[in-house]
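Chemist: Sequences and hints are given; from them, build the entire structure.
Residues per chain are reported as follows:
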Amino acid sequence: MTRRFYSASLFSGLLLAACALAHPAQAQTDLLSDLEKQTADSTKREVVAATFKGTHIINAQSIETPGHGTLAFLIQHRFGTLNSGAYEFFGLDQAVLRLSFEYGLTDRLAVGVGRSSIDKTFDGFLKYKALQQTTGSRAMPVSVTLFASSAITTLKFNTPANTTERSTASRLDYAYQVLIARKFSPSLSLQLMPTLIHRNYVPLDGMQNDVYSIGAGLRQKLTKRIALTADYFYLLPGYAADNYYNALGLGVDIETGGHVFQLHVTNAQGMTEKFFVPQTNGNFFDGDIYFGFTVARNFTVKSQLK
Amino acid sequence: MKRPFFLLLPTFLLCTGLTYSHAQGKYMTKTGQVSFFSATPIEDIEAKTQQVAAVLDFSTGQLAFSLPVKSFVFKRTLMQEHFNENYMESDKFPKATFAGHFVGFDAATLNAAGPHTVQVEGDLTLHGVTHRVQVSASVELKDGQVLASATFPVASADYNIEIPLLVRNSIAKSVTVRVALACAPAAGAVGAASPQR
Chain A
0 MTRRFYSASL FSGLLLAACA LAHPAQAQTD LLSDLEKQTA DSTKREVVAA TFKGTHIINA
60 QSIETPGHGT LAFLIQHRFG TLNSGAYEFF GLDQAVLRLS FEYGLTDRLA VGVGRSSIDK
120 TFDGFLKYKA LQQTTGSRAM PVSVTLFASS AITTLKFNTP ANTTERSTAS RLDYAYQVLI
180 ARKFSPSLSL QLMPTLIHRN YVPLDGMQND VYSIGAGLRQ KLTKRIALTA DYFYLLPGYA
240 ADNYYNALGL GVDIETGGHV FQLHVTNAQG MTEKFFVPQT NGNFFDGDIY FGFTVARNFT
300 VKSQLK
Chain B
0 MKRPFFLLLP TFLLCTGLTY SHAQGKYMTK TGQVSFFSAT PIEDIEAKTQ QVAAVLDFST
60 GQLAFSLPVK SFVFKRTLMQ EHFNENYMES DKFPKATFAG HFVGFDAATL NAAGPHTVQV
120 EGDLTLHGVT HRVQVSASVE LKDGQVLASA TFPVASADYN IEIPLLVRNS IAKSVTVRVA
180 LACAPAAGAV GAASPQR
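Order-wise, the sequence lines are chains A and B. For the first sequence, numbering that gives the first Met the number 0 gives the first residue as 0, with consecutive numbering after it. For the second sequence, numbering that gives the first Met the number 0 gives the first residue as 0, with consecutive numbering after it.
No lab work stands behind these hints, which were simulated from the structure alone. From the three backbone atoms N, C-alpha and C, an ideal C-beta is built for every residue, glycine too. Heads up, a few of these hints could be off.
Stated by the list, open to error - Below, computed lysine-lysine pairings styled on DSSO-like, alpha-carbon distance capped at 30 Å:
#: 1; chain 1: A; residue 1: 128; chain 2: B; residue 2: 69
#: 2; chain 1: B; residue 1: 172; chain 2: A; residue 2: 43
#: 3; chain 1: A; residue 1: 223; chain 2: A; residue 2: 43
#: 4; chain 1: B; residue 1: 91; chain 2: B; residue 2: 74
#: 5; chain 1: A; residue 1: 301; chain 2: B; residue 2: 141
#: 6; chain 1: A; residue 1: 36; chain 2: B; residue 2: 47
#: 7; chain 1: A; residue 1: 36; chain 2: B; residue 2: 172
#: 8; chain 1: B; residue 1: 47; chain 2: B; residue 2: 172
To be verified - Partial list, computed: chain A residues near chain B (C-beta under 10 Å):
#: 9; residue: 67
#: 10; residue: 90
#: 11; residue: 92
#: 12; residue: 103
#: 13; residue: 298
Modeler: Structure, rendered in structure tokens:
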């Protein structure tokens, strides 16, 4: 009885010592894991950011907007076709340009204006992030951005070849897109783009006023700051599909601090939807390839920090 | 025959009691603030978060911090994107944590008015890399809350945060981190405070 008493008290004494010793050593990490457990909110949803690096993939708009208070200045450039020969210095002698400003009114809503040198065209657009991909419980699988644009050509039609000036309405074209994207992994993002182009005026009989197309885009990161990009617009059967080509672009995004450089090759010369969706006339596989680039510079108009 | 059992029970109670008996010495917050600042002649970069969870346990002298890296807000949207995508890789390493203890600090000091300087030592984990750091902090008991603050440098290279050559002149090698917390007394153990959302 007494022996058992001693052994028991010895045992409990040891246990006590063990407890006391183990305590400080483990407490540090225990305190942190307790804290983590307590702050882990299973219902928390987080918006997936940076599905694409820029507001454009190549020709296509991406689901991204500049964000609240940010003004983006974009310089888009296309040289001539690579197959134009040494005389044209393989296209580098010719260039078309689009300059544009995009401004984030809110984190979701952006407005933009642009000017293309082709047909002296001004364009204005609205872009709204209707849905944002999220992680967490009841996660939203995709991001959806709505895009609407109108473009007006300011070309003088009153030329010797064309004696009548055109009405203002006939100079207008519209583009509507639903941009649906998913960031599958930190490096891979895909986008689908049902597109409608409405043209108030078409020069030839049989040409469609409304052109429908389905576009697709892709971004695959190679390193943290370099990514491969591609976009493609498939024209649904009709006059445009019979007489023009589907626009294809392949490119590289290079990020350098405050800039994103996008270098690409594409068979489309125009840089707004009304040009590259319904009237791409280059055959990519025949060498009608335009080398081009987009440079975006962001300016902070309103700081996010209060 | 029953006696050993009797003896074990108090021992067991004592052991578990050690963890919880000084619960009144525990203070915590979920809305602490951490900001950091990088100053170079070219550009100043500043970011702030108000989602810092922290617990200070004066009974054991332990403390722990945890914050979601994505909660940092920058002046520029693009900076914020770069911070998460390229520098901190927040998808891979969503949290920054600290677990440590006060060095030679007597909890009784806290009862005296005014801020007290205290040394804190522990493990800082950023970008998946852990380093032992020692930081001088200030704690003060005011209106039943513990106000704690600290300022210390963090060198990005120590935590494998790579800064590309092109922007090396506009991002400081070492950024200044500021911590400011107002911790309320935690009822009972840390876990007991969780039902309040």
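Chemist: Next step is simple, just say for each hint if it's right about the structure.
Modeler: We went through each hint and held it up to the structure:
Between residue 128/A and residue 69/B the alpha-carbon distance is near 20 Å, which keeps this suggested pair within the 30 Å criterion. The straight-line distance between the Cα atoms of residue 172/B and residue 43/A is roughly 34 Å, outside the 30 Å bound, and the hint therefore fails. Between residue 223/A and residue 43/A the alpha-carbon distance is near 27 Å, which keeps this suggested pair within the 30 Å criterion. For the given pair, residue 91/B sits about 24 Å from residue 74/B by alpha-carbon distance, which is consistent with the 30 Å threshold.
The hinted pair formed by residue 301/A and residue 141/B fails the criterion: a straight-line CA distance of about 36 Å is larger than 30 Å. Using a Cα cut-off of 30 Å, the hinted pair residue 36/A and residue 47/B holds, with the two alpha carbons roughly 23 Å apart. The straight-line distance between the Cα atoms of residue 36/A and residue 172/B is roughly 33 Å, outside the 30 Å bound, and the hint therefore fails. A threshold of 30 Å between alpha carbons decides the hint, and for residue 47/B with residue 172/B the separation of about 19 Å falls inside it, so the pair holds.
A least Cβ separation of about 7 Å between residue 67/A and chain B falls short of the 10 Å threshold, and the interface hint therefore holds. With a cut of 10 Å, the hint placing residue 90/A at the interface with chain B is violated, because the nearest CB-to-CB distance is about 28 Å. Taken as an interface hint, residue 92/A does not check out: its beta carbon lies about 31 Å from the nearest beta carbon of chain B, beyond 10 Å. Using the Cβ-Cβ criterion of 10 Å, the hint placing residue 103/A at the interface with chain B is satisfied: the shortest such distance is roughly 7 Å.
Annotation: interface hint on residue 298/A holds; nearest CB of chain B at approximately 9 Å, less than 10 Å.
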